[in-house]
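Top line first, the protein sequences correspond to chains A and B. Read in order, the letters of the first sequence are residues 0 to 540 in numbering that gives the first Met the number 0. Read in order, the letters of the second sequence are residues 0 to 336 in numbering that gives the first Met the number 0.
Incorrect hints may have been included.
[Stated by the list, open to error] Simulated restraints on C-beta separations: (1) B:PRO5 <-> A:SER377: 25 to 31 angstroms; (2) B:THR294 <-> A:GLU79: 38 to 44 angstroms; (3) A:GLU99 <-> B:LEU260: 54 to 60 angstroms; (4) B:PRO152 <-> A:SER377: 36 to 42 angstroms.
[Stated by the list, open to error] With a straight-line cut-off of 27 angstroms between C-alpha atoms, the simulated DSSO-like cross-links for lysine-lysine are: (5) A:LYS151 <-> A:LYS196; (6) A:LYS104 <-> B:LYS56; (7) A:LYS29 <-> A:LYS96; (8) B:LYS56 <-> A:LYS540; (9) A:LYS469 <-> A:LYS308; (10) A:LYS150 <-> A:LYS104; (11) A:LYS107 <-> A:LYS196; (12) A:LYS363 <-> B:LYS56; (13) A:LYS365 <-> A:LYS308.
These are computed hints drawn from the structure, not numbers from a lab. Idealized CB from N, CA, C, for every residue including glycine.
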Amino acid sequence: MRKLGAVLAAVGLVATLGLASCGESDSGAKEGGTLKVNFAYFPDYLDPQLSQTVEAWSSMYNTYIPLLTYAHAEGEAGSEVVPGLAEDLPTISEDGKTYELTLRKGLKYSDGTPVRASDFKATVERMFELDSGGSTFFTEIVGAERFAETKKGGIPGIETNDRTGEITIELTRPSGTFVNELAMLYTAPLPADTPAKNLSADPPPATGPYEIVESNPERNWAYDRNPQWERNNAELLPDLPDGHVDRIEAEVVSNPSIQVDDVESGKTDWMFDPVPPDRVAPVSQQYEGTQYKLEPSINTYFFWMNTAKPPFDDLAVRQAVNHAIEPAAVERIYAGTMNPGQQILPEGMPGYEEYALYPYDLEKAKALVEQADPSDRSVTVWSDNFSPNDEIGAYVQDQLEKIGFDAKLKLLGAPYFSVIGNTSTPDLDIGWANWLQDYPHPNDFFEPMLHGDSIAPTSNGNFAQIDDSKLNAKIDRLGAQQLSPEIEGEYAQLDREFMEQAPWAPLGSREMSLFVSSDVDMDEVIWNPTFWGDFTSFQFK
Amino acid sequence: MEGRGPWYRAYRRLRSNRLAIAALGLFAAILLFVLAAPLWADLVAESGPNETHTTAKIEVDGESREVVSPDGTPIGPVWLGAGGRFLLGADGRLGRDEMVRLMHGGRTSLTIGLGATLVTTLLALALALLAGYFRGWTDGLISRALDVVWAFPVMLLGIALGTALAISGIQIGPLTISSGSTWLPLLVIGFVLVPYMARPLRGEVLALREREFVEAAVAQGSGPLRVMLGELLPNLLPTAIVLATLNVVNAMMLEAGLSFLGAGVQEPDSSWGSMIADGVEVLATAPLLTILPGTMILLTVLSVNVFGDGLRDAINPRSKVRLEAHTGSYEPERGAA
Chain A
0 MRKLGAVLAA VGLVATLGLA SCGESDSGAK EGGTLKVNFA YFPDYLDPQL
50 SQTVEAWSSM YNTYIPLLTY AHAEGEAGSE VVPGLAEDLP TISEDGKTYE
100 LTLRKGLKYS DGTPVRASDF KATVERMFEL DSGGSTFFTE IVGAERFAET
150 KKGGIPGIET NDRTGEITIE LTRPSGTFVN ELAMLYTAPL PADTPAKNLS
200 ADPPPATGPY EIVESNPERN WAYDRNPQWE RNNAELLPDL PDGHVDRIEA
250 EVVSNPSIQV DDVESGKTDW MFDPVPPDRV APVSQQYEGT QYKLEPSINT
300 YFFWMNTAKP PFDDLAVRQA VNHAIEPAAV ERIYAGTMNP GQQILPEGMP
350 GYEEYALYPY DLEKAKALVE QADPSDRSVT VWSDNFSPND EIGAYVQDQL
400 EKIGFDAKLK LLGAPYFSVI GNTSTPDLDI GWANWLQDYP HPNDFFEPML
450 HGDSIAPTSN GNFAQIDDSK LNAKIDRLGA QQLSPEIEGE YAQLDREFME
500 QAPWAPLGSR EMSLFVSSDV DMDEVIWNPT FWGDFTSFQF K
Chain B
0 MEGRGPWYRA YRRLRSNRLA IAALGLFAAI LLFVLAAPLW ADLVAESGPN
50 ETHTTAKIEV DGESREVVSP DGTPIGPVWL GAGGRFLLGA DGRLGRDEMV
100 RLMHGGRTSL TIGLGATLVT TLLALALALL AGYFRGWTDG LISRALDVVW
150 AFPVMLLGIA LGTALAISGI QIGPLTISSG STWLPLLVIG FVLVPYMARP
200 LRGEVLALRE REFVEAAVAQ GSGPLRVMLG ELLPNLLPTA IVLATLNVVN
250 AMMLEAGLSF LGAGVQEPDS SWGSMIADGV EVLATAPLLT ILPGTMILLT
300 VLSVNVFGDG LRDAINPRSK VRLEAHTGSY EPERGAA
């Protein structure tokens with residue numbers, strides 16, 4: 000009866016508004032339908048407190064809404080932090096250590112449970128209980144570090160009031176990035192009684208326009224519209240889009256070339272991953288502007304070198320590797336989608352300034368290695384087996400051979416990052432990695448990957464294991480301040496100071512691609528710099 | 000023929016089988032082709048199999064051409080236009096010489112095919128002799144162990160072992176094999192194929208064990224080792240040789256399959272199987288990159304298979320052993336006259 004009532008009400012509403020064509024928007028595009036998406040990998044987690052990859056963040060951007068979130072927009076506008084479940088942006092105390100927010104009233108999870116302010120505290124504690132990789136962003140909350148160790152007694156730095164919806168967060172020191180960090184999925188509220196275990200196979204209830212209704216890890220997952228969105232949340236969150244399609248079905252198709260075939264044939268509507276380099280030229284020739292386009296992404300691709308052990312504990316050797324990588328070769332290997340560069344910060348990130356300390360010079364690289372005469376010339380080059388990461392690995396391995404090393408290539412599949420993030424893994428000498436922005440603040444490229452405190456036995460992000468006290472102090476000092484032109488200038492200087500130490504051999508910044516089937520209205524798709532394709536913007540013609 | 004031994008009679012029969020001899024000739028030609036790889040690489044191509052030429056330029060009929068264009072498209076076959084360099088073009092965006100990789104890849108494929116067969120044969124002979132001679136619980140233990148391996152689809156087991164060992168390699172006491180080594184797929188393939196050879200050989204040993212010459216040897220005081228090596232093994236060899244020949248084909252096909260799926264030979268090394276995997280990505284634009292290694296596998300498998308059939312007919316004209324091609328397993332023909 001309830002269903003019938005809803006249908007009748009909807010029919011009445013449509014008739015009243017006098018919409019000309021049912022299911023069509025003003026632009027003529029259709030509402031409804033099922034969007035089919037291919038992913039090369041199942042997201043690391045379909046659990047907001049645990050996920051760290053762009054696949055997962057994109058998959059949950061419209062499912063789990065944090066107190067603050069990122070605008071559903073492209074380019075710089077898409078990097079703006081806007082209120083999510085909170086009524087407004089936080090009020091920050093003068094000393095920069097107290098953040099006050101108020102939860103919007105009347106919100107409900109997709110299972111009908113009301114959203115409470117205390118859910119936020121429970122969610123942050125759940126993240127620490129799970130030892131999430133994201134917890135490093137929140138250790139500055141008073142009592143968080145102790146809770147991370149003991150898992151007992153709660154986090155005293157978070158106070159909530161379910162009646163008024165007020166949330167107060169106390170930090171141990173001022174932070175220039177905490178607003179950005181609150182907008183990450185790690186602290187997106189879940190019901191307080193959500194168990195502290197990985198829920199990827201049975202994702203928790205949603206607050207956004209879509210809920211995950213099916214999840215078969217490593218195979219597929221699916222979304223339906225969140226029934227509570229239309230009833231409650233949409234009205235309370237007017238700045239967040241409703242989405243056009245009724246259902247989204249995501250499937251793992253590990254071979255990106257097959258993903259291209261599926262999009263071309265219309266079997267799937269969108270391939271999440273970039274078009275593989277081997278297919279870029281034919282796809283762009285045939286579909287550029289109609290079904291295919293390159294999209295900007297703020298990222299840095301690089302090879303890290305383990306500064307903690309020979310031969311890369313020697314600065315001259317690390318500089319030699321930088322000199323040995325030819326930008327033109329990198330560009331070809333990535334089929335023209337890589338903008339070569341030798342900085343840590345990518346273009347588009349505040350603090351970016353173009354410079355190149357190590358122009359390509361193979362002879363100089365050989366001379367530097369000869370001069371350094373490292374005690375250990377046998378090195379292992381790590382990369383994953385996803386094209387073109389395997390090819391760039393083979394290229395760097397060959398370049399290392401050319402400058403005097405006995406280099407061996409080791410390619411791994413899906414567990415790549417967990418293996419190289421485990422510092423006890425043998426032969427961690429040099430390897431490929433990339434970093435995509437979590438939030439538009441340069442600290443995101445320094446603290447997790449280049450600060451000495453980020454070196455951890457497992458889930459290590461500082462692959463180069465660089466621990467320079469002077470540079471650590473500078474990261475801390477800059478990270479505590481709000482961005483300004485002066486601070487951006489200091490970040491540019493910090494970038495250069497790190498590259499003088501050459502812990503990385505940066506490759507550049509890669510453009511991603513959007514490739515959709517002929518049924519999808521590509522012009523309407525929003526490409527967010529952090530979350531990539533915004534599910535709510537996909538619409539059929 | 001009077002007075003000649005069984006090996007000589009087998010040789011005469013094989014020599015009269017023209018198809019088998021032609022197959023042997025083809026295999027010898029393939030062998031020469033892959034053995035010449037270092038010579039070709041040094042003297043003609045002036046490039047190793049893993050050497051990248053991403054931004055290099057070459058002179059083709061007096062015209063300067065890029066090995067890889069800025070959009071990542073590799074140069075196609077230039078035949079003799081560059082003096083033999085990049086005869087078959089480049090292998091992809093890394094600009095490696097396809098001809099050199101094809102020759103070196105063949106060395107890898109054949110090394111694994113032959114090496115794995117040696118491992119399989121030695122293990123299968125040892126297990127079959129122990130199980131068939133001692134019978135009882137020894138036979139039960141070995142047979143059940145073989146059943147466990149046999150219970151897994153061979154490709155699945157190969158992928159599981161190949162992938163698991165790809166991270167840390169093998170470390171058993173002083174024996175260390177690094178993860179990228181060709182020894183890994185060789186040993187994995189050699190191991191997973193053991194039941195397919197050990198089981199028919201065990202059946203043969205069980206039958207031989209009841210023959211009078213074994214009883215005579217035991218009566219004369221020969222110990223188990225002497226009976227197994229001195230009496231049973233020589234009588235087992237003809238069957239083992241035939242099975243081993245046919246096993247080369249299975250091992251090569253399995254290597255190609257594992258490398259195609261990324262669990263066999265690892266980058267930057269090449270094998271014909273891994274080259275097919277690389278070529279499939281550009282099948283529409285550069286079909287030769289797939290067709291060439293595929294053709295080499297086809298010719299090698301065909302030559303070894305035809306020769307193996309001829310060898311089987313020569314050694315055992317009554318064809319007591321038949322190949323169960325559809326399952327990839329071997330079984331002695333029951334009730335054959």
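Range hint 25 to 31 angstroms (beta carbons of B:PRO5 and A:SER377) holds or violated: This hint is violated: roughly 52 angstroms between Cβ atoms.
Hint check for B:LEU260 and A:GLU99 - Cβ pair distance inside 54 to 60 angstroms: Distance hint for A:GLU99, B:LEU260 holds at roughly 55 angstroms.
27 angstroms Cα cutoff - pair A:LYS469, A:LYS308: 20 angstroms, holds
Restraint check for A:LYS29 with A:LYS96, where alpha carbons must lie at most 27 angstroms apart: With Cα atoms ~48 angstroms apart, A:LYS29 and A:LYS96 exceed 27 angstroms; violated.
Holds or violated: A:LYS150 to A:LYS104, with C-alpha atoms at most 27 angstroms apart: It is violated: about 30 angstroms lies between the C-alpha atoms, which goes past 27 angstroms.
Holds or violated: A:LYS363 to B:LYS56, with C-alpha atoms at most 27 angstroms apart: Distance of about 22 angstroms is within 27 angstroms: holds.
Pairwise hint evaluation, A:LYS540 against B:LYS56, where the allowed Cα distance is 27 angstroms at most: Cα-Cα ~46 angstroms, so violated.
Agreement of A:LYS151 and A:LYS196 with the hint, judged by alpha carbon distance not exceeding 27 angstroms: Distance of about 16 angstroms is within 27 angstroms: holds.
Given hint A:LYS196 paired with A:LYS107 - CA-CA distance at most 27 angstroms: Between A:LYS107 and A:LYS196 the Cα gap is close to 22 angstroms, so the pair holds against 27 angstroms.
Consistency of beta-carbon spacing, A:GLU79 to B:THR294, with hint 38 to 44 angstroms: Taking Cβ atoms as reference, B:THR294 and A:GLU79 lie about 58 angstroms apart, which means the hint is violated.
27 angstroms limit on alpha-carbon distance, applied to hinted pair A:LYS104 and B:LYS56: Roughly 67 angstroms separates the two Cα atoms, so the pair is violated.
Status of the given 36 to 42 angstroms range, CB of A:SER377 versus CB of B:PRO152: Hint holds: Cβ distance 37 angstroms, inside 36 to 42 angstroms.
Comparing the model with each earlier hint shows violations of hints 1, 2, 6, 7, 8 and 10; every other hint is respected.
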